[in-house]
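S.K.: Residues per chain, in single letters:
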Amino acid sequence: MTTLWDTTGSAVVKELAAQRRTGGAVLSGVALTLVVVADESRVAEAEEAATHAAEAHPCRILLVVRRQIDAPAPRLDAEVLIGGRLGPGEAVVLRMYGRLGLHAESVVLPLLAADAPVVAWWHAAPPDQLSTDALAIVADRRITDSSIPDDSLAALKTRAVDYAPGDTDLAWTRCTPWRSALASTLDSVSGRRSEPVEVRSGRIEGDPGNPTAALLAGWLTSRCGCPIAVEESGRKPGASGVDSIFLQLDQDEEVQLHADRKGSATISQPYRPDATVALPERALGDLLSEELRRLDTDEPYRDPLEAATGVTGLADRSPVREYVWLDPARENGNGARPRKRAAAKSTDS
Amino acid sequence: MIPNPLRDPRDRRLPRVPPPCALVVFGITGDLARKKLLPAVYDLANRGLLPTNFALLGFARREWEDEDFAEVAREAAREHARTPWREEVWEQLSSDITFVPGSFDDDAAFDQLAATLGKLEGSHGIGGNAAFYLSIPPAMFPTVLKQMQRTGMAENTPERWRRVVVEKPFGEDLPSSRELNELVDSVFSADDVFRIDHYLGKETVQNLLAVRFANTLFEPIWNGHHVDSVQITMAEDVGIGGRAQFYEKTGAARDVLQNHLLQLLALTAMEEPVEFSAEEIRTEKLKVLRAISIPEDMETFAVRGQYEQGWLAGQRVNGYRQEEGVDPESKTETFAAVRLGVETRRWAGVPFYLRTGKRLPRRVTEIALVFKRAPHLPFADTDTEELGNNQLVIRVQPDEGVTLKFGSKVPGSVMEVRDVSMDFLYGEQFTESSPEAYERLLLDVLLGDATLFPRNAEVEASWTVIDPLEEFWAGTTPHMYRAGEWGPRAADEMLAAEGRRWRRP
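Residue numbers (our numbering), protein chains in the order written: chain A, 1 to 349; chain B, 350 to 854.
Pulled out of the complex, with its shape left as it was, chain A reads as follows (with noise of 0.2 angstroms):
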């Protein structure tokens, strides 16, 4: 590990160089360049989680930690590993202060594994307009996580009005022990009548406020073409928000799901006894894990998106997004408005 202090980027790609030349027998092929963009308070959860991430997908990470935007002078201090904390790959953490941070693009470019796909994921609250941040046009998955904000609501909305093909939302991810569990469910329903099956109408007990149990339901509605809804649950659900799930079928059968508190569910079905299935809260990395597994536009995510928050029409948006130059310095809540770049440029420091 080297630490390079007051650094430039082309400094840290010359130390990158030189130390997969001295390191020895290291990983010689990367399939994607992990971008992540932390907050300072996050970046030991983060570091955890990408680090698991790599052991499971072989990557380069690259750690941008924004600090002091409004300090005077741009600065970068950027750590380099091969295979020690950061996992068995490459990894740079890139600390930038001052007005650097608005150009982070410009020091995470040179550093990106040739040809191989950029992931880029946000363990902080990520812009509300994806395309102010130059990190997101540059990756081709863009991974952000809504149960971060505290209105996660209105976080899930915001990545609808801002949706592009390629995003995608840790909230959801939440989801698929779930989804898999109801999916699989309603397969052996269908297997046991030999015909298939209709989901009349159904509800989630939870809690409405969280945005995994908000996706759920908007899968659940754009699965069977009902409306079903989070309802509040007396008991206090875990991490997904979900605490029981009710569907009703076509042939007067009631398909039940309940989380015990204790990493699984029970389930109820109809010609069948109650069966228990495992449905642990995962940590983080695993989470990342299963997002880093494909690195395709991942559409089963979209129409839950907007059935779960009313915004239509993301099945038009271009995958392409154009940077919008931002200035959170200029941006005093009084209309400061996202401009164009190029309408910005003299006035860009």
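Rather than coming from a laboratory, the hints here were simulated on the basis of the structure. There may be inaccurate statements among the hints.
Stretch by stretch, here's where chain B covers chain A in the computed footprint (C-beta under 8 angstroms, at least three residues) [as the list claims (entries may be wrong)]:
hint	region
1	185 to 195
2	259 to 266
3	277 to 283
4	293 to 306
Where a beta carbon is used, it is the ideal one built from N, C-alpha and C, also for glycine.
Starting from the known structure of chain A, arrange chain B on it as the hints suggest.
M.R.: Structure of chain B alone, referenced to chain A:
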């Protein structure tokens, strides 16, 4: 599959989960069950790939209660599982575990087994679906299969499926394999018989198909115009362990060459399947197996060997004849190497050298395509002295990956070309640790996907290749090699006869 409103083909986050079913294992106390099957079941459960209504039923001659069995299974799974141990996953799985004691010729025990399966339908909702895993010596097959027929356990109905999983060896020659196939097919329908060749469950073997058929780079050179020869090696550093009784009458050719190596050859040499489906892939493999020709000069091109006492990995090891339970005059081979041809337009004239052996220096399995040398080199002879043939090597295990070997200039003021290698290491580029072969294959059985399982016609075609070799070898004494060597001298001479040499894997 019946459509399900919650299933979306684009939604690849949701795993393929089999329908409710039971897995019945005969011979659950055996080595394979403990080291491979039970851990694989746990790993599947841990990855959320087992149906919610699942039951594991063990059958063996032990006076065990369900709890005793659950305890044994727990130890086995815990010791050999690939994925991290999670007690809560096991607890859930253990409530699905049932044990039925009895011997294979005991009618009452099988009646009880059938009754238990019926009961599981009520208590576990398995929907009558069941896969029977015969983890038992082939000699027991007739007894067990007849019992299953008698109790009606093997019957498929529109409401339920019943499948059977058979392990190698699939017979010991063509007639016995036919007999076995007929027996299994008389009880189960051909589509419900899954013959496990665990090599086909390995990620790299499946990757061979991806490398060949998903790229434009390799297909144009994948033929006799460019390929000089193909070498397929499966080497083991271990001896025969405690399997003397089995090995004495089997030998390396029947144990490994007949199944693993010929399957690898078939995958390497086959034409592109019309689509990536079980039926089409098996059809193409079968064509290759039927096109295999055996050498005329068997003396030179079919070599078998047996290890003598020697040193391996810093330890002194016994010779084969000194192993416990082996006849001191034994003529069983522990090494086999053979030169085969594939008589198709693509491969005519290209030798396929296959070898396998025990007590070789390291455990390695690989497929190497050795390319022809450039017809003309514009360099001086001395410049290219260290340049060999270009090679493409598929490393099946360990270090799963692909190596490409080609010539490159040595830095310096003179022109000098030397071989270098470019490595693709699976674990490095990808993503998820590869599932164990048994994990993948068990899941495929429960899903009813037969892509990775050889069909009985393939097994029979393989025996047609092996039988003449065995006939030639019968009564001869194998060539001796020291444990820790890459096989007997005769194997090297076999390649030297045609001006080639074995790659050191």
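S.K.: How does the region 293 to 306 of chain A fare against chain B when you require at least three residues with a CB closer than 8 angstroms, holds or violated?
M.R.: holds (count 5)
S.K.: Closer than 8 angstroms, Cβ to Cβ, for at least three residues: run that test on the region 259 to 266 of chain A against chain B and report holds or violated.
M.R.: holds (count 3)
S.K.: Establish whether the coverage given for the region 185 to 195 of chain A by chain B is satisfied; the threshold is a Cβ-Cβ distance below 8 angstroms, and no fewer than three residues must meet it.
M.R.: That given contact holds, which follows from 9 residues of the region 185 to 195 of chain A lying within Cβ reach (below 8 angstroms) of chain B.
S.K.: Are there three or more residues in the region 277 to 283 of chain A whose C-beta lies within less than 8 angstroms of some C-beta in chain B?
M.R.: holds (count 3)
The structure is consistent with each of the numbered hints, conforming to all of them.
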